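Heads up: the protein sequence lines correspond to chains A and B, in order. Just so it is clear: in the first sequence, position 118 is 118 by this note's numbering, and no numbers are missing. Position in the second sequence counted from 1, then plus 167, gives you this note's numbering.
Calculated directly from the structure, the hints in this document are not laboratory data. What you are looking at is a predicted structure, and each value in this text was computed from that prediction instead of being measured. Where a beta carbon is used, it is the ideal one built from N, C-alpha and C, also for glycine. Hints may contain errors.
Covered stretches of chain A, going by a simulated chain B footprint (3 or more residues, C-beta under 8 Å) [to be verified]:
id	stretch
1	32 to 41
2	112 to 124
Quick list of simulated restraints, FRET-style, between CB atoms [to be verified]:
id	chain 1	residue 1	chain 2	residue 2	range
3	B	SER429	A	ASP8	30 to 38 Å
4	A	PRO109	B	ASP177	17 to 25 Å
5	B	ASP224	A	MET1	15 to 23 Å
6	B	THR202	A	GLY132	33 to 41 Å
7	B	THR202	A	THR5	40 to 48 Å
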Amino acid sequence: MLLRTHYDRIHALCRRLTGNDTDALDATQEALLAIVRGLRRFDGRATFSTWSYRVATNACLDELRRRRRRPDPRLAEPDVSDASGAPPLDQTVSDRLAIDDALQRLAPPMRAAVVLRDVLGLDYAEIGEVLGVPPGTVRSRIARGRAALAEQLGNLDPTRIVPTETP
Amino acid sequence: MSPPTDRPLDDELISAVLDGEVSEEDRRRVLDDPTARARLERFRRISDHLSAPVTPDASARDRVIQEVLETWQLGEPTPAVASRSAPAGRSPSRRRRVLAVAAGVLVALAIPAALTLSRAGDRAPRRSELAQRIEPEASGAERRSEDTAAASGPEADSNVGQERSSTASSDERPLSNPARVELGVFADPLDLQEAVRAAWRTSQSTTSPSGRAAMGVPETAMPDTSCSNASAAAADPSAGPPIFLAAATSRGTPVHIDVYRSTDSSSPLAVVIRPSTCEVLARFTL
Numbered sequence: 001m002l003l004r005t006h007y008d009r010i011h012a013l014c015r016r017l018t019g020n021d022t023d024a025l026d027a028t029q030e031a032l033l034a035i036v037r038g039l040r041r042f043d044g045r046a047t048f049s050t051w052s053y054r055v056a057t058n059a060c061l062d063e064l065r066r067r068r069r070r071p072d073p074r075l076a077e078p079d080v081s082d083a084s085g086a087p088p089l090d091q092t093v094s095d096r097l098a099i100d101d102a103l104q105r106l107a108p109p110m111r112a113a114v115v116l117r118d119v120l121g122l123d124y125a126e127i128g129e130v131l132g133v134p135p136g137t138v139r140s141r142i143a144r145g146r147a148a149l150a151e152q153l154g155n156l157d158p159t160r161i162v163p164t165e166t167p
Numbered sequence: 168m169s170p171p172t173d174r175p176l177d178d179e180l181i182s183a184v185l186d187g188e189v190s191e192e193d194r195r196r197v198l199d200d201p202t203a204r205a206r207l208e209r210f211r212r213i214s215d216h217l218s219a220p221v222t223p224d225a226s227a228r229d230r231v232i233q234e235v236l237e238t239w240q241l242g243e244p245t246p247a248v249a250s251r252s253a254p255a256g257r258s259p260s261r262r263r264r265v266l267a268v269a270a271g272v273l274v275a276l277a278i279p280a281a282l283t284l285s286r287a288g289d290r291a292p293r294r295s296e297l298a299q300r301i302e303p304e305a306s307g308a309e310r311r312s313e314d315t316a317a318a319s320g321p322e323a324d325s326n327v328g329q330e331r332s333s334t335a336s337s338d339e340r341p342l343s344n345p346a347r348v349e350l351g352v353f354a355d356p357l358d359l360q361e362a363v364r365a366a367w368r369t370s371q372s373t374t375s376p377s378g379r380a381a382m383g384v385p386e387t388a389m390p391d392t393s394c395s396n397a398s399a400a401a402a403d404p405s406a407g408p409p410i411f412l413a414a415a416t417s418r419g420t421p422v423h424i425d426v427y428r429s430t431d432s433s434s435p436l437a438v439v440i441r442p443s444t445c446e447v448l449a450r451f452t453l
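Bound conformation, chain A alone:
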């Protein structure tokens, strides 16, 4: 019951952090396992959801580290970036892929801050608790993350919001 209650949000967190469905499922599984294993260590100082997001975020970042050691098939694709460094956003390309790709270009701590804010809706204090940093650092990371995303996704059509499809 506990796992079912928290699955969707943890999966959403992992999906945005890892950038693809396969890794997201693995990360979600690792996260849920870490949560049930760590239940005895949950001391109630944070809310359960904050604690579970912290565990899940760590699990997802670990999954990202593992993935970095695997060859990424996307690296074999030609670089289509223009001279300014920002990739031209072809509207025929799914916005979802663009978002995922742009997110993956952020440094993991920045990405985690942005995702915790925009996907889970946590406030700066909660994000700071999850990531173990002061709220001021959270504010700075989110701002820099958004600025980087804005640069990469400059032409993103605001009228088209495409939900992430199921794996």
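Mind docking chain B on chain A? Use the hints.
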């Protein structure tokens, strides 16, 4: 918190306005500045896209939760942090690895079986000849040997033992002590479960239990210990002896897996034991 008024409004303040993490005064400053306002709208679009719902696949959700619960019940003593050091490449290749383990088990079963059948074919005529020659007296002699052994104790039984060992070849290993199938090394208990299931299915589909016992399945270096009582107690005292035995290394710990027939006609039950301590680590159904 507020920057000097003559300084251009920076992204940090604009981003914080979007998140409602600034004072009303700062918010007003951003909204009153056309450049900052445009930037705010840009950030808002990014945020809207990121917050688009991620729809989880229901079947994947059920599968993941089931796997988490099974792994958790497996009760690996390693703390959660150890899962972070699992080898790279687990994610997309888990099923492939399980299939590879299953294929390995199949090959491990098939090669000795083929060799055994080949040797059995060579020996078959000689066996029948020998049987014709010694059968009339064999039963009596064997009975006498057993009587002698029972009366004289283990010291007097050494010759009989040698006789028995010389006549009982490896492919005539008794069913009550079948060899364990070595499943390999696993970093993830979930993979171990899958491998046990695959090995069990393979063993059931390739040959009968008696045939399997005669096949000379791969043995581990670990001998059977006196953990059988603990294992049986963890299964069901009325389940009888194990019907399938396997061994593996799970997260660096050698483990034995004893499979018992279910007493209520449901799926067989596997008991995972640490042979060095006879500690029951987990139980799961196949």
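Hints, verified against the model:
1. 32 to 41: With 6 residues closer than 8 Å to chain B, the stretch 32 to 41 of chain A meets the three-residue bar; holds.
2. 112 to 124: That given contact holds, which follows from 8 residues of the stretch 112 to 124 of chain A lying within Cβ reach (below 8 Å) of chain B.
3. B:SER429 <-> A:ASP8: 30 to 38 Å: holds (35 Å)
4. A:PRO109 <-> B:ASP177: 17 to 25 Å: holds (20 Å)
5. B:ASP224 <-> A:MET1: 15 to 23 Å: holds (20 Å)
6. B:THR202 <-> A:GLY132: 33 to 41 Å: 35 Å Cβ-Cβ, so the 33 to 41 Å window holds.
7. B:THR202 <-> A:THR5: 40 to 48 Å: holds (44 Å)
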